[in-house]
Structures are given as C-alpha cells and as structure tokens.
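Enquirer: Chains as they are written, first to last, in full-length UniProt numbering: chain Z, 1 to 422; chain R, 1 to 422.
Wrong hints could be hidden among the right ones.
Chain Z is nowhere near these chain R residues, computed Cβ spacing over 10 Å in every case [as the list claims (entries may be wrong)]:
| # | residue |
| --- | --- |
| 1 | E298 |
| 2 | G393 |
| 3 | S412 |
Below are the SDA-like pairs computed for lysine to any residue, each with C-alpha atoms no more than 25 Å apart in a straight line [claimed, not checked]:
| # | chain 1 | residue 1 | chain 2 | residue 2 |
| --- | --- | --- | --- | --- |
| 4 | Z | K336 | R | G93 |
| 5 | Z | K336 | R | Q61 |
| 6 | Z | K336 | R | L329 |
| 7 | R | K341 | Z | Y322 |
| 8 | Z | K336 | R | A323 |
| 9 | Z | K127 | Z | V311 |
| 10 | R | K336 | Z | A323 |
| 11 | R | K105 | Z | K105 |
| 12 | Z | K389 | Z | S275 |
| 13 | Z | K36 | Z | L24 |
| 14 | Z | K127 | Z | G393 |
| 15 | Z | K336 | R | E333 |
| 16 | Z | K341 | Z | F268 |
| 17 | R | K36 | R | D22 |
| 18 | R | K105 | R | S91 |
| 19 | R | K127 | R | N183 |
| 20 | Z | K341 | R | D22 |
| 21 | Z | K336 | R | E346 |
| 22 | R | K341 | Z | D324 |
| 23 | R | K36 | R | L4 |
| 24 | Z | K105 | R | S91 |
| 25 | Z | K105 | Z | R33 |
| 26 | Z | K127 | Z | T308 |
| 27 | Z | K341 | Z | S275 |
| 28 | R | K105 | Z | L301 |
| 29 | R | K341 | Z | D273 |
| 30 | Z | K336 | Z | A269 |
| 31 | R | K105 | Z | R33 |
| 32 | Z | K105 | R | G338 |
| 33 | Z | K304 | Z | G87 |
| 34 | Z | K389 | Z | Q361 |
The following residues of chain Z were derived to be distant from chain R, with all beta-carbon distances above 10 Å [claimed, not checked]:
| # | residue |
| --- | --- |
| 35 | E3 |
| 36 | L89 |
| 37 | R326 |
| 38 | V342 |
Think of the hints as simulated: they come from the structure by calculation, not from any bench.
Quick caveat: nothing in here was measured; it's all calculated off a predicted structure.
Every residue, glycine too, gets a C-beta built ideally from N, C-alpha and C.
2 protein chains.
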Amino acid sequence: MSELDDATIDAFQARVTRGECDVLTWWHSCQARIEKLETDVRAWEYLMPPMSTTTLRGSGQLLCGVPVGIKDIIDTVEMPTTWGTGGYLVSPGAVVDAAVVTLLKRQGAMPMGKTVSTEFAYFTPGKTRNPQDLSRTPGGSSSGSAAAVAAGMVPLALGTQTAGSIIRPASYCGVFGFKPTVNTVSFSGIKAFAPSMDTLGWFARHIEDICTTFAALTRSDAIEALPDLGGIRVGLRNLPGGRPLDSDVAEALSSTARRLEQAGARVFALRLDASYDELIIHHQAVLAYEAAQSLASEFQLHGKDMGTKLVELIEQGLAISYADYRASLLAAEQCKQGLSKVFVDEVDVILAESAPGVAPQGLEATGDPVYCRAWTLLGVPCINLPLNKGQDGLPVGVQLIADRWQDERLLSIVRTLVAVTS
Amino acid sequence: MSELDDATIDAFQARVTRGECDVLTWWHSCQARIEKLETDVRAWEYLMPPMSTTTLRGSGQLLCGVPVGIKDIIDTVEMPTTWGTGGYLVSPGAVVDAAVVTLLKRQGAMPMGKTVSTEFAYFTPGKTRNPQDLSRTPGGSSSGSAAAVAAGMVPLALGTQTAGSIIRPASYCGVFGFKPTVNTVSFSGIKAFAPSMDTLGWFARHIEDICTTFAALTRSDAIEALPDLGGIRVGLRNLPGGRPLDSDVAEALSSTARRLEQAGARVFALRLDASYDELIIHHQAVLAYEAAQSLASEFQLHGKDMGTKLVELIEQGLAISYADYRASLLAAEQCKQGLSKVFVDEVDVILAESAPGVAPQGLEATGDPVYCRAWTLLGVPCINLPLNKGQDGLPVGVQLIADRWQDERLLSIVRTLVAVTS
Numbered sequence: 001m002s003e004l005d006d007a008t009i010d011a012f013q014a015r016v017t018r019g020e021c022d023v024l025t026w027w028h029s030c031q032a033r034i035e036k037l038e039t040d041v042r043a044w045e046y047l048m049p050p051m052s053t054t055t056l057r058g059s060g061q062l063l064c065g066v067p068v069g070i071k072d073i074i075d076t077v078e079m080p081t082t083w084g085t086g087g088y089l090v091s092p093g094a095v096v097d098a099a100v101v102t103l104l105k106r107q108g109a110m111p112m113g114k115t116v117s118t119e120f121a122y123f124t125p126g127k128t129r130n131p132q133d134l135s136r137t138p139g140g141s142s143s144g145s146a147a148a149v150a151a152g153m154v155p156l157a158l159g160t161q162t163a164g165s166i167i168r169p170a171s172y173c174g175v176f177g178f179k180p181t182v183n184t185v186s187f188s189g190i191k192a193f194a195p196s197m198d199t200l201g202w203f204a205r206h207i208e209d210i211c212t213t214f215a216a217l218t219r220s221d222a223i224e225a226l227p228d229l230g231g232i233r234v235g236l237r238n239l240p241g242g243r244p245l246d247s248d249v250a251e252a253l254s255s256t257a258r259r260l261e262q263a264g265a266r267v268f269a270l271r272l273d274a275s276y277d278e279l280i281i282h283h284q285a286v287l288a289y290e291a292a293q294s295l296a297s298e299f300q301l302h303g304k305d306m307g308t309k310l311v312e313l314i315e316q317g318l319a320i321s322y323a324d325y326r327a328s329l330l331a332a333e334q335c336k337q338g339l340s341k342v343f344v345d346e347v348d349v350i351l352a353e354s355a356p357g358v359a360p361q362g363l364e365a366t367g368d369p370v371y372c373r374a375w376t377l378l379g380v381p382c383i384n385l386p387l388n389k390g391q392d393g394l395p396v397g398v399q400l401i402a403d404r405w406q407d408e409r410l411l412s413i414v415r416t417l418v419a420v421t422s
Numbered sequence: 001m002s003e004l005d006d007a008t009i010d011a012f013q014a015r016v017t018r019g020e021c022d023v024l025t026w027w028h029s030c031q032a033r034i035e036k037l038e039t040d041v042r043a044w045e046y047l048m049p050p051m052s053t054t055t056l057r058g059s060g061q062l063l064c065g066v067p068v069g070i071k072d073i074i075d076t077v078e079m080p081t082t083w084g085t086g087g088y089l090v091s092p093g094a095v096v097d098a099a100v101v102t103l104l105k106r107q108g109a110m111p112m113g114k115t116v117s118t119e120f121a122y123f124t125p126g127k128t129r130n131p132q133d134l135s136r137t138p139g140g141s142s143s144g145s146a147a148a149v150a151a152g153m154v155p156l157a158l159g160t161q162t163a164g165s166i167i168r169p170a171s172y173c174g175v176f177g178f179k180p181t182v183n184t185v186s187f188s189g190i191k192a193f194a195p196s197m198d199t200l201g202w203f204a205r206h207i208e209d210i211c212t213t214f215a216a217l218t219r220s221d222a223i224e225a226l227p228d229l230g231g232i233r234v235g236l237r238n239l240p241g242g243r244p245l246d247s248d249v250a251e252a253l254s255s256t257a258r259r260l261e262q263a264g265a266r267v268f269a270l271r272l273d274a275s276y277d278e279l280i281i282h283h284q285a286v287l288a289y290e291a292a293q294s295l296a297s298e299f300q301l302h303g304k305d306m307g308t309k310l311v312e313l314i315e316q317g318l319a320i321s322y323a324d325y326r327a328s329l330l331a332a333e334q335c336k337q338g339l340s341k342v343f344v345d346e347v348d349v350i351l352a353e354s355a356p357g358v359a360p361q362g363l364e365a366t367g368d369p370v371y372c373r374a375w376t377l378l379g380v381p382c383i384n385l386p387l388n389k390g391q392d393g394l395p396v397g398v399q400l401i402a403d404r405w406q407d408e409r410l411l412s413i414v415r416t417l418v419a420v421t422s
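Turn these sequences into a full structure, and let the hints guide you.
Expert: What follows is the structure, encoded as structure tokens:
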C-alpha cells in the first residue's frame, strides 16, 4: 500500500491544503489499487467510472476527496443496487440516494462504488474473499466493505449490522468496524431487515477516520484522545453459555486487557445477571419476526430464488407469535435499562469477543455472529479493535462496547488506547 | 352510504361466506362511491383501474376483499408514488411494494389507490377537503386516508404519524385512527421522516376493523371486547402549559369520561411530574434533527421546490447539535421508563385531547399536532375516538393512550367502551 493509500483522512486533507496533491488524488490512487487487487478480493458489486473532474468543494468539509465504499443494500441514484441477490432483484438506480449517501457527499466524500453484501444482508455469501487470506471468508454481511478497506482499496466504507454484520467482518479482515448506537444515522433508503436493530456503521483502517466519519455524519464535535485512560473502568464480559473460548480470541482479550491497563484503565470481570444470558435467544426471535415482516414483499416475489437460510429465517419468523415477539422485545428493554445502570455504577466500557476466532476457511459461509447478537439487540455502540493476530498471522479482533449514546466517549477511549500503546 | 359500504370487515366476510355477495362486491361499491364523491373530497392521488377478476383467495384471510387506501408516501409497484410533492419527485413504480402493502395483500386486502399526503408527510397540504365540511381541512399528514374513510370511499386506509398525522385527521374527519406502538409494523418501503418516531397506523369507521387490521398485520390473536370496563383506571391528562381548552374539546373529554364511567371504569386526573411538560420541546428537536438527516437527499435535490415550513424545519434541524439531539432523546427515554411505572401503578389508559378543536376553516393548513407530540415521542399506542360532535355538528375526537406494547389491551378497552355504551 502506498503512503497515500494508508494516510488518515486528516493527513490527506492537510496535504491537499498544502497543495501537495489535489482533491482527486486519493480517488485515482484507490482506483489503481482496486484495478490491481479486485480480481483476487472481489469486494465490488459495481464501480463508478473514472472521474476526471469534480465539482468545487466547500471548505470545512470533513471528508473532502475521500473515496468511500457503499454497501450494496444502500440506495444510490448513479449506481445500481442488487441487495446481494446476484441479480434476481435489481434497481438500475434509485429515485433518490439513501440519506447517508447525501450526508457523505455533503462532506465531500466520493462514492467509489457499491460493495458486495450477502443476500439482503443475511447469510448467503457474495463473491468476496478475505484479503488477508483469499481462501477464507471476509465475514458478512458487509463483506465487500470490510475487505475493500482491509485491502487498501478505500479508506472508508459503509456497512450495516443487525446481528454481527460489521463487527465480525471487521474482526476477520483486521480493520476497525464501528456500529454506533442504533438509529444514530438515518436508515432512510437502506433495505430494512429487522428495523428495531438495523444500524448503519462504517469501516476504516485508522481509528481517527472512524472518529472523523462520526463527526461528519452526526455533526458532533471532533473526537479527541484523552491524555490516558486513568480512571476508566473496563468490564470483561465473555459470551454466556459455557462455549469454550478459542485460544486466539482468549489471547486477543488478554492482550487488549493488558494494553488497556498499560494506558491506565482498570480491567475486571463483569458479572451480569442471568437475564442477559437469554438475549441471544431474544435476538433470534426479534430478528426472525421482523425479517418476516420487512422482507414480506421480497419473499412474496422471490422466495423461490432466495438462499435456504433466509427462507428458513422468514418461515421461522412467520411461526413466531406477536405475543412471543413482544415478550422478547420487553426482555431486551429490561436489560437495556439494567445495563444503563451498570454503565453508571460499575463500568465505562465493556470488553468482549468480536467473533469465534480468525476467519474460517472457505467462502460458502460468513461465520457466526453469536458474539454480537446481544449487543446489537441492546442497541449499544460497539467497535472492533483490529490490534491482534491469531493462527497463521490472521487478524482476530475484540470489541469495546459503551452504553447507548455514549458513542463519543467510546471512540475517545479507543483513540486514546491506540495513541498511548502503539 | 349503502349498508354494504358501512359494513364491518367481519360482516362483509360473513356475507361472502353466505354467498350473498362476492369478493369483488365491496371493491366495486367503493369505486362507485369514489366516483360520486371524489370531485368534492379529493382524497386520492392515484386510483387503481377497475378490476373485473381477482386471483383466488385462500381461506383464513382476515381482510379478504377489503378495499384499502395506501398513503402516498408508501412504495407500490403497480402505482406511482409522489410523496405529496405535487410532482417534483415521482416514482412511476417501486421495485418492490412496501412491506405493509404485501402484508395487507397476503390477508386478501385490495389496494384501491394512493391517498393524498401532505409533502413528505409534513405540513404543506395536498388537495384534500374534509368530507364533513368541504371548506375545512381534513387535517394531515394522512389527509386523504382520513377523508376517504370518513367519506365511505374505503373501509380502511393506511396512515403514518411522526407528530400528529393520524390522530389529528381522524379527529377532524370523525373516524377511528390508530397509531400502534412505534415499530409495530415495518416501515420498510415507506419514506422516513424522523425514524425514532415514524409509525405506521390506520383509519377505519369501526373499532372492530381497527382490531381486525391489527391482528392481520401483527398476527396477534383476535381482539375481543371485555364484559365491561370494571376495574379499568383511566387517567385524564391535559396538555401542559396552560393553554385554554376549547369548549368542544372540553365537552368531548367530559362526555368520554362519563361514558367510560358508565362502562365501569374509574376516571381521575393524572398528575405527571414536570419533566413530561418538556416533551413537546424535545419532540420538536428530535423531529427537526432527524428530518434534516432523513430528508437530506430530497433537500439536496429539491430544496428549492419544497414548502417553506419543511425547509424551515430542515434548517432548524441542521442547527441542532448532536449533543442537544441526544439530550432530547435521553429525556424522552427517562419519561418512557417513568410512564411505564405509571401504567403499572396508577392507570391502565390515559385519556387526552386529540386536537385543538374541530377542523379549522380553510385548506391552506392542516391544523396543529401539539396534542400528539409528546405521545408520539414516547412511542406509545394512541387511538382517536370519533364519538363526539362540536360546533356545527363537526366531529371532535379524544384519544386513549396505553403503555408501549399494550396495544391489544388498549384496543380491547375501546372495543368494550363502544359495545357497552353505544
């Protein structure tokens, strides 16, 4: 990767300001890198044609000249959308861009293309391979976005998460993947799957760029590093249910705990009551019931074309009663309220597994989102830290989690951790 | 209105079963009524062409042969969508129907056409007139749906509410209007405005039909009347802020309170702490911030074509900081949790104003949603009761409100009230 390709967004902006390159330089550099690597990585469903000019940008744009990948379940006017269907459902171009696409463009970002998604962001994989090892899955559902960022094809790409679709591919591909608090960025123009959990997020190689994008999309203040993590309380939470921990994941958790302590934080095991152990089951019920509703039209028209797992999920959802669905939502609500108290009384952030291990071999499945389900149901912000390697030198992530709407604090803590310990 | 046109859905189904009419009878009857009244009422943006055959329906469909109006911010494949823009943004036909359209069709309902919406479901009115007095507004934003149901053009029509867009037009037009708990029915394929509050609901002339539609869309059990309202606690809550109560509204509240007591309920004034008085302000902040995000693309492309009030709202939203937005959401969250406790400890349902009075004169504005803002922000289910008349014999509604996910109980209470006291 060239020095430019691996620059942070802020560093690129500074170069443009100093006249060392122009607004289109990064775009062209990314295009060259895509040309070189796409045959192997297959991250893209559609690429924008080469661009020779761009409309004049205003000052103060946080993402001026930043090439960005758009997950292919997000509406775009200038590019087709296929929702990972492989062609059985295609829009040649939406009437308007999804809201987030305009928010990015308003800040000067330039959509590079549409990145491969699994079918409707569920389990049926697309063509994408893991750039760290082409024989392995990049994870899903935001497969192309994670792989494109990991391969240095773009500095930034959008993903969505309803189970583990940002955190898991970020862990498998070795990049930062951030899922903000649910409903932080409008889902308008993005295909819904389970609306009470669907969350837009993004991938980057640098924590600074995750932070810049958060400020660009929410208009929050800039997120800065703290001097250190003194006073920060970190609760380690392992997945309940007695599942044996993969040795790579165990080592990544210990290593991150040490790193946090080195930065001044206090790390300890977090105990949550038994109701939290049920969240994975409730997540599955809410996912299935809401997907059966939200994808009713797609199922009606194209049920025969759909992947087996998606059909099974929708049929499972159609068999869940409204009363059981509601009971699962109310159980989650209780845990949300309880966790908010935990986040005041006991911890600032939670440290947890991102995925069951390094990326599995093969492209026929995208891995297991089990470590993300509870957090996604709770709507809390989560970020994958790509700071560790496991077997064969492959990336293995862990996630840090904060309470709902504590996104800025979470990002600030991660920024500090990276700054202090790298 | 003919006897058929004013039948309940269940009564129509019984007739079909007895061979007294066929599945298409209601549809044709509604078409004739639309032909007669549409020049005056102007409820429709688009009407389906006459239908001579229909595909065979399965048994067990709750809405078999029921003509339904679809608000024109809801995607449809066979009909254009204009989002109340008067033509500056039009989709000739969506790639797939919005989820709720398929859910209705699956239950045998037949879309009659697209009903007039205000511009993007905000304040710029469409062409619709109030069928109770053509010189008055039907309310908005679900103007055409409320008017079409009130005029007997269809027994059922879909609306959406982000401030007061179902309850207010239902009050002005004199029909039942139901806004379920937020996120009860998928918003997939419906134009988002403020996603944390956008809620799909529906209008009908009969409470039984509101209940049947709830069961059809959620797959809940059938909602039955209770023997009486003995033991039901009803808290009367007036809008805070010392606004003088319109005499028609005051009389509608008293009359409904007497009716509730007659059915066995206990009605008393509900006191809520001062934090609830701020909800109207928080609603406005959330509305503006989220609308500025969700309608970013529409504003970018068509800001110059948009109505003044919508532009003002979006500009207001762009001036609200992320920190202030978050503070408003967190304040609402506190009230939600507090209100859930009130709903356990003190009341079963809340009785409150639906609108500031009868429908205002003129078509240049759709009235004030102030009485709905707090409840919509809280995500609670609300239903307008069209049981009272005010000046000039015009309808004036009141609303009953329950805790989130107590929709079935709320509907059952209203069904009982109507059955016991009519």
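Enquirer: Determine for every hint whether it applies to the structure shown.
Expert: Hints and how they fare:
no.	hint	in the structure
1	E298	6 Å, violated
2	G393	39 Å, holds
3	S412	14 Å, holds
4	Z/K336 with R/G93	40 Å, violated
5	Z/K336 with R/Q61	37 Å, violated
6	Z/K336 with R/L329	15 Å, holds
7	R/K341 with Z/Y322	23 Å, holds
8	Z/K336 with R/A323	21 Å, holds
9	Z/K127 with Z/V311	20 Å, holds
10	R/K336 with Z/A323	21 Å, holds
11	R/K105 with Z/K105	38 Å, violated
12	Z/K389 with Z/S275	33 Å, violated
13	Z/K36 with Z/L24	19 Å, holds
14	Z/K127 with Z/G393	23 Å, holds
15	Z/K336 with R/E333	11 Å, holds
16	Z/K341 with Z/F268	17 Å, holds
17	R/K36 with R/D22	22 Å, holds
18	R/K105 with R/S91	21 Å, holds
19	R/K127 with R/N183	29 Å, violated
20	Z/K341 with R/D22	59 Å, violated
21	Z/K336 with R/E346	24 Å, holds
22	R/K341 with Z/D324	22 Å, holds
23	R/K36 with R/L4	16 Å, holds
24	Z/K105 with R/S91	23 Å, holds
25	Z/K105 with Z/R33	22 Å, holds
26	Z/K127 with Z/T308	17 Å, holds
27	Z/K341 with Z/S275	15 Å, holds
28	R/K105 with Z/L301	13 Å, holds
29	R/K341 with Z/D273	22 Å, holds
30	Z/K336 with Z/A269	19 Å, holds
31	R/K105 with Z/R33	48 Å, violated
32	Z/K105 with R/G338	40 Å, violated
33	Z/K304 with Z/G87	14 Å, holds
34	Z/K389 with Z/Q361	16 Å, holds
35	E3	33 Å, holds
36	L89	7 Å, violated
37	R326	5 Å, violated
38	V342	15 Å, holds
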